[in-house]
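Here is how the chains run, residue by residue.
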Amino acid sequence: METLQYAIRKLIYSIPLLFGVTLIAFTLMVYFGPDLTYSILGKNATAGQIEAVHRQLGYDQPFLQRYLMFLREVFTFDFGNSISSGEKVASILARTVPVSLAVALPAFVISNVLGVGLALMAAYHRGRFWDKAVMVFAVVGMSVSYLMIVIAFQIIFSTTYGLNWFPVQGWIDPPPEYADVSWFEIAYYYWYYYWLYVAVPTMTSVFVSLGYNTRFFRAVIVEEMNRDYVRTAKAYGIGNGRIMIKHVLKNAMIPIITRIIISLPFVIIAGNLVLEKFFGIPGVGLVTYDAITNGDLPVVKAVVTCTAIIYVFALILTDIAYKFIDPRVSYSK
Amino acid sequence: MLETPQDPFTIKNPPVKPQFRSPACKALTALILAWAALAVGGCKKPFSDREQLNRVFRFSTAGAAVTIDPAQASTAYEGLMVTSIYDQFYEYKYLARPYELKPRLAVGMPEVSDDGLVYTFRIQRGVRYADDPCFPGGAGREVTVHDFIYSMQRQFDPATLPQGEWVWRGKIKGLDEWKASGSDYSAEIEGLRALDDHTLQITLNQPFPQLVYTLTMGYASFVPVEAVAYYGKEIGLNPVGSGPYKIDSFSTRKAILSKNRNYREEYFDLTEEGYDPATQGWAGLEVLQGLRLPAMDRVEVHFMKENMTRWNSLNKGNEIHFGTIPIELTHMVTTQLKPLQLKPYYAEKFRGMSSPDFGFAYMNFNMDDPRIGYNDDPERERRNLLLRQAIRAGFDWEQRNRRFYNGMGEIFPGIIPPRLDAHDPDLPRDFITADYAQAKAYLQAGGWTPENLPELEYGGTASVSHIQFFEQFRGWMEKIGYPREKILLRTFATFGDYNKAVRQKEVMLIPMAWNLDYPDSENVLQLYYGPNKSPGSNSSNYDDPEFNELFRQTKTMQPGPERTARYRQMNQLILEDVPTIAGLMRSKPHIWHRDVVFYPSESPHGSLLKYAYINPSAPEEGQN
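Chains A and B, in that order, are what the protein sequence lines are. Numbering-wise, the numbering used here puts 71 at position 71 of the first sequence, and it's gapless, one number per residue. So the mapping is simple: the numbering used here equals the position in the second sequence, first residue as 1, plus 333.
One or more of the hints may lead you astray.
Below, simulated BS3-like cross-link-like pairs (lysine-lysine); rule was C-alpha separation at most 27 Å, straight line [as the list claims (entries may be wrong)]:
no.	chain 1	residue 1	chain 2	residue 2
1	A	K88	B	K566
2	B	K377	A	K43
3	B	K866	A	K43
4	A	K43	B	K819
5	A	K43	B	K426
6	B	K638	A	K88
7	B	K812	A	K250
8	A	K43	B	K638
9	A	K43	B	K649
10	A	K43	B	K921
11	B	K377	B	K566
12	B	K888	A	K43
In short, the hints are calculated from the structure, not lab data.
For reference, chain B alone in the conformation it holds in the complex (with noise of 0.2 Å):
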């Protein structure tokens, strides 16, 4: 029988050597080669023997901007965008902290009628859109308060899909109504004068102690109605403003602004910037002392989710000059966090700083769901506060700032955080800090037993982190006394379903964080403001009339011991009641090459960008 071999070879001849040389192979060969050899550097840097552009600063961040259209753009990088290349009327001061306000295309602060409802801003003249196709002859032209009152009817405009309407709604006198009656760019709003092309007078329904700030946000940007005409729906990627910069390119991953040209003259004073030595000499900020602003020609921005990327870019050394120490590393990367020292290597290399955020992280409970919050049973209502409360003294921030912000982070009882006017920094850390014993007791108050516990569902997106603080939730829980299969993890596949959930009010437990808008307790206490219950900014649900009455009287307040009293009056119902935990203020690690001079800040900042300055001592550096 014939026997089949197992390599066809071998029947007749020993295998001997396959002979692969066919010219396409010697081709491929060459081409590898020849792309390895460039690969190394064998090539010459393409204009390297030409003068070479000015110092670029590249900056990053950890999420994208998608839109740069002052009436959508709504996140911090967007945020970010949006005053580097637009003009406001106020800013914040670089340096001050607390934050301070201080003019930007206004001259000077603004004149307020004595009841508080009408304010008059004038702006400086001769300020010069940056030149683009869509104004005749492509030269920009003058800014006016007629481009700001176009930018709040955007923003009212239903058509522009806007993302800032609720910071003007029901303020400014007869701009509502020009939104119900239909949005007719050619119909006057009484609440919005011009009295002439650089004086604007605003009128509001009732006084509006927030006003000024609510002129430092992008929102409320100067936006010139060709712009719009010209680009259409593009127009968010496509941004003409007067600010320090105008937009040359931009994708989902880097946005690249140079010099406004025909920006104003403006120059870095240490002084009004608010510059104090004592904390922030380190730094290195006297050499933009007398610097025309903006200080750089050209400003990359790099959009970074992935921190290992990132921090690889960072360290590379001519890639990106700011970025952020990924959680992951910074034991390799420091010595302290708090207040942040790096390595003597790193140290060598970069300056940095723990910058807090501007707004905190917390947990709210849905006060509408029956099963832990309002009841129409008083009985039930009275035990669920106890429920809310045993679990208040279950949940422990200190490790949850210990394990996921490596400490880092500022636990604080009560809505209000550090550096906001109402915080009170003698309240009794017995709201924040974990006791299990007296947890217990709670529910032994409340008659609370492992069988008539009820259910607890804790929401979040099906991310890592997410999945991480329940697991933590649950072992906080099970200590004190809740059945493991009584804590459930509802999960969401983005923030979107999440947000969406949370406005509909299926959502039990919400973890959520809050930015602060400006630097006002108002702003936090209107989380908890029962006219905004969801689908409002209210997703707690919270809806006591004591606080709604406190918070309507200090809406229209100024800033003033009286107001600071009801704020903190209002924080402390909220101890009581329990419609949230809170809080933790979440900070991060930040680092710069040390030839960069930079200070960062998490707040809703104007025009950070046009500070950054590369010191001209240090070595030139390119793409790669």
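Here chain A stands alone, though its shape is the one from the complex (with noise of 0.2 Å):
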């Protein structure tokens, strides 16, 4: 109980959060984003075809009523429909969003995972070869160019100047369509491309971001294990491993989580730009990409609000993710 009215309490907290980021982003998108008027009059504009667009698109009216507008399309949480495509928004999202939530996902509990893994080996054997050996890989992965490393990777597994494994790049047809087709031979054929598809991506992702969170997550663990209660634990007798894992790690939850469900608002809609555009990944993070360069605002306003709800969202969940972690904590006041 104490945490749902924590949680309410916190929802209504986060309203002006919800007003201010829309308000800066579309200052933002007003004031500095690309004028969409010349790119849809074609080569040979006039001027009265300039003034007739801008009324169309808006961009005549004064701020504050563009702005109320955009706030009734927050509420009502329709965007319309995308300049550039005629697409209805939602429908773009809703195509999209999946996508990339699919290629990220995996990297997202791999490196996470991994990230822990490591850490808990790289604090244990602080100081020594393996500690070494795992911060010098986590500084290498900080390091390169992630550019450098999304064509290494391409060329390794991909190409035939290397493994060729996997695909270069692409994303899962539409099956084919035969009569007698079960559903069966449908998921086996989602699952078969879905994995192809996403190997690639999917190490790349872990390679770079298993560096940072290795070395954060391995800072917090050391701190935890020069605690007085590690050392009374191992009085006490505790096997090493057990220490490590019931004890350290969960001492050390509360940052892990804190990083790791804060960076989940990313993997669900902001897509990753770098990884949809080389491996040709038709996900949100490209189309937002291309949105912001075309100036095609129903979709840059959807993808920003959606992306500062599920932000509110995730903080919440972070702070009620404190309490099961560690039940001292308190909601009160």
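Work from the hints to combine the two standalone chains into their complex.
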């Protein structure tokens, strides 16, 4: 009950935050975003046409009025149609967000699980060979340009210059239409191509994020290992593995969980522009990038709003998770 | 004093191996191993025991189509999609160079009245749209000329945000007035009359010799009103045409086209398409003879902006069939670029050719900027001309071609590129040859010194290539004595921002490129016609009475020696007045798998994809 009350309280408190985010984002879009008029009008526009399109796109209306219209869109969750393609913004998100999520999720899970594992190992062997090996790997992962890693992994795993195991780029096509196809065959089709297309982007993403995760997690775990209770546990003769997993890791979970949950909104909605661009994945990251560069405001507004909302929920989720990890945490004011 | 040891585990016992053997760890390990096993091909390919779909041609482009609505599709990538799905009156012959027209949906060429004002077009009977839920019962209905009239109305209806209105603005009787009076679709337009379902009469305000060319463009597609009513704003994602293909799926990464089962009988004829065995014999096009079009049941168009991804995908062998050699790899893949010759390893896998752009790159001066263009003070205007001449003399097209285009481009003086009727191959090369001594002489004649030279603002987007272009330009200007600090780069975050600044006359030096809409010099000369000044297409804001008068005269002239002479006269004026430094016709090294029969073109070609064919003797290929 206390948790529920807390969640509702946080939700109410987050309303001004949402207003703030939408206001800042909208101001940036209006004053610094590209003007779509000239792209819409073709090669030989007249001054009259420019004025007419300005009117049509609402550019001639006062800022406040435009912002209020934006807020109405946020409340009704109806962002209209993309100016570039004419597609409903809701359809664009419905089509692209699951793809981005499907690509990002395995990497997100693996890099966090492996990151915790490697951090435990490095912290346990602090100052010795395995610690140094893990840290060198982490620094390499953090230092090498993401772009280079993408290209290198693509060449190693997907081309005739390397192992040639996976496709260079692409995403799952609709399955072929056979008259007597079973649901199992369709499911197998999606399952097979999902792993085929997601493998190299996942490996790339894991390689890059593992360095950051491991370094952060290791620092947290090392700090925890210096606490008195660890020494006490050792004095009681508790095994090292048990101490690391059951005590050290559990107590280090608050910063770890915070980091993991806070990065969730970006996994869910923001997509990954570089991966989507290089691996030909029709996700939301690329759509957002194109919308920003083309000045397709309906799409940008929707993505910004959704990201802000999910972020607020992630913050609440983080606070709730604290209680489960550490029952001493109190939600009272 | 009790010391805190570095490692808390050293208090009691020496380190032992950590015991990470929980069920969760085991499950994770098993999952990773299972995934790895699958990844290396441990699983059977889906549907591999069933009859496979027909062969698929996988084309690739360097940019993405955003919409396939003929009213809005303006890029080359969108044009390719539109002409593959929708029909137009005419199209270009697949193989004829220079480009020649042929009827597509039209029956023969139009009948033209003696005064050149009335055109009568007939279209084929019995041509049907692809089946689609927008039609009653889902069956595509017959195409009529009313669909063309409707399509033209959409181009003039501001509500559709059309891109192609400028093509016919002021040309067709009553069309501009129809727009001005509120775009009422039920109102008749005097210049667009359906004599019957298959005959259209177009009446012009004044002769417009390029009219037939414009009827090959995607903007001039036959669009069924039912589709627009059914799909509304999403018509750009759900195109319904009578062309060779229909859309199966479309995203910003890929479009899948399948054969329109209602497509009329059309057979390939080498002679009709302008085949030249002497220059095209190497391409294996003879197998197309007599083939029913479209040649493939399914075509995938992969939109691949990343050069290296595109190359890796092409070189892999079973992903895409057609692509371009990235500029960075040309030395690895080719022995010669002009004409293209591949190294033996790649020649075994691919065919290829360097295909010139149907357009050119140039750099305009903003003539409305008094620092470099027109000036109220006649003396300053004279000096500005000498300054522009000096900059042109310092502009090294050869070097630009070598550094950025591997020397594949074709440099020409003036604004009429090779392959156009009025191109003059005998123009002096001085206009495009860097001559630093001459440039300094121009500056001296204009009384320009490092102290009084104006700042030069070089515009462009904030991309690496634009910044490199600028650095190269600055190097040349320094060689002619321009102070380094007076040569500035003005960047814009996106092309849209740059375009807006250009249209608002805010940019001084304007590097640009132009893709021709049709093979007539008028399409480039209009770029310097005074009334087309910014925000129109004349971004140099050049406004010369003599040029304008000549343009007005030639606008209504039919092709012929007299018109060509005037076109060349206009080109000469451009060379003398220097509102621009031009030009370079770029070239791309296209390659495709040897089993594919294809002939690329950068032209505004009609439905290029319907000719693509995969030789049946080639081994089967599938999705990865």
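A quick look at each hint next to the structure:
1. Distance check on the hinted pair: K88 of chain A and K566 of chain B sit about 8 Å apart at the alpha-carbon level, within 27 Å; holds.
2. For the hint linking K377 of chain B to K43 of chain A, the alpha-carbon distance of about 52 Å lies beyond 27 Å, and the restraint is violated.
3. Annotation: proposed proximity of K866 of chain B to K43 of chain A holds, straight-line Cα distance about 12 Å (limit 27 Å).
4. Restraint check for K43 of chain A and K819 of chain B: not satisfied, since their Cα atoms lie roughly 32 Å apart, outside the 27 Å limit.
5. At most 27 Å may separate the alpha-carbon atoms for a hinted pair to count; K43 of chain A and K426 of chain B meet this at roughly 26 Å.
6. Distance restraint check for K638 of chain B and K88 of chain A: the Cα-Cα separation of roughly 24 Å lies within the 27 Å cut-off, and the hinted pair is therefore satisfied.
7. Restraint check: the Cα-Cα separation between K812 of chain B and K250 of chain A comes to about 68 Å, which exceeds 27 Å; the hinted pair is violated.
8. With a CA separation close to 23 Å, the supplied pair K43 of chain A and K638 of chain B stays within the 27 Å bound.
9. A hinted pair counts as satisfied when its Cα atoms are at most 27 Å apart, and K43 of chain A with K649 of chain B does not qualify at roughly 39 Å.
10. For the proposed pair K43 of chain A and K921 of chain B, the alpha carbon gap of about 24 Å is at most 27 Å, so the pair holds.
11. A threshold of 27 Å between alpha carbons decides the hint, and for K377 of chain B with K566 of chain B the separation of about 42 Å lies outside it, so the pair is violated.
12. Restraint check: the Cα-Cα separation between K888 of chain B and K43 of chain A comes to about 18 Å, which is no more than 27 Å; the hinted pair holds.
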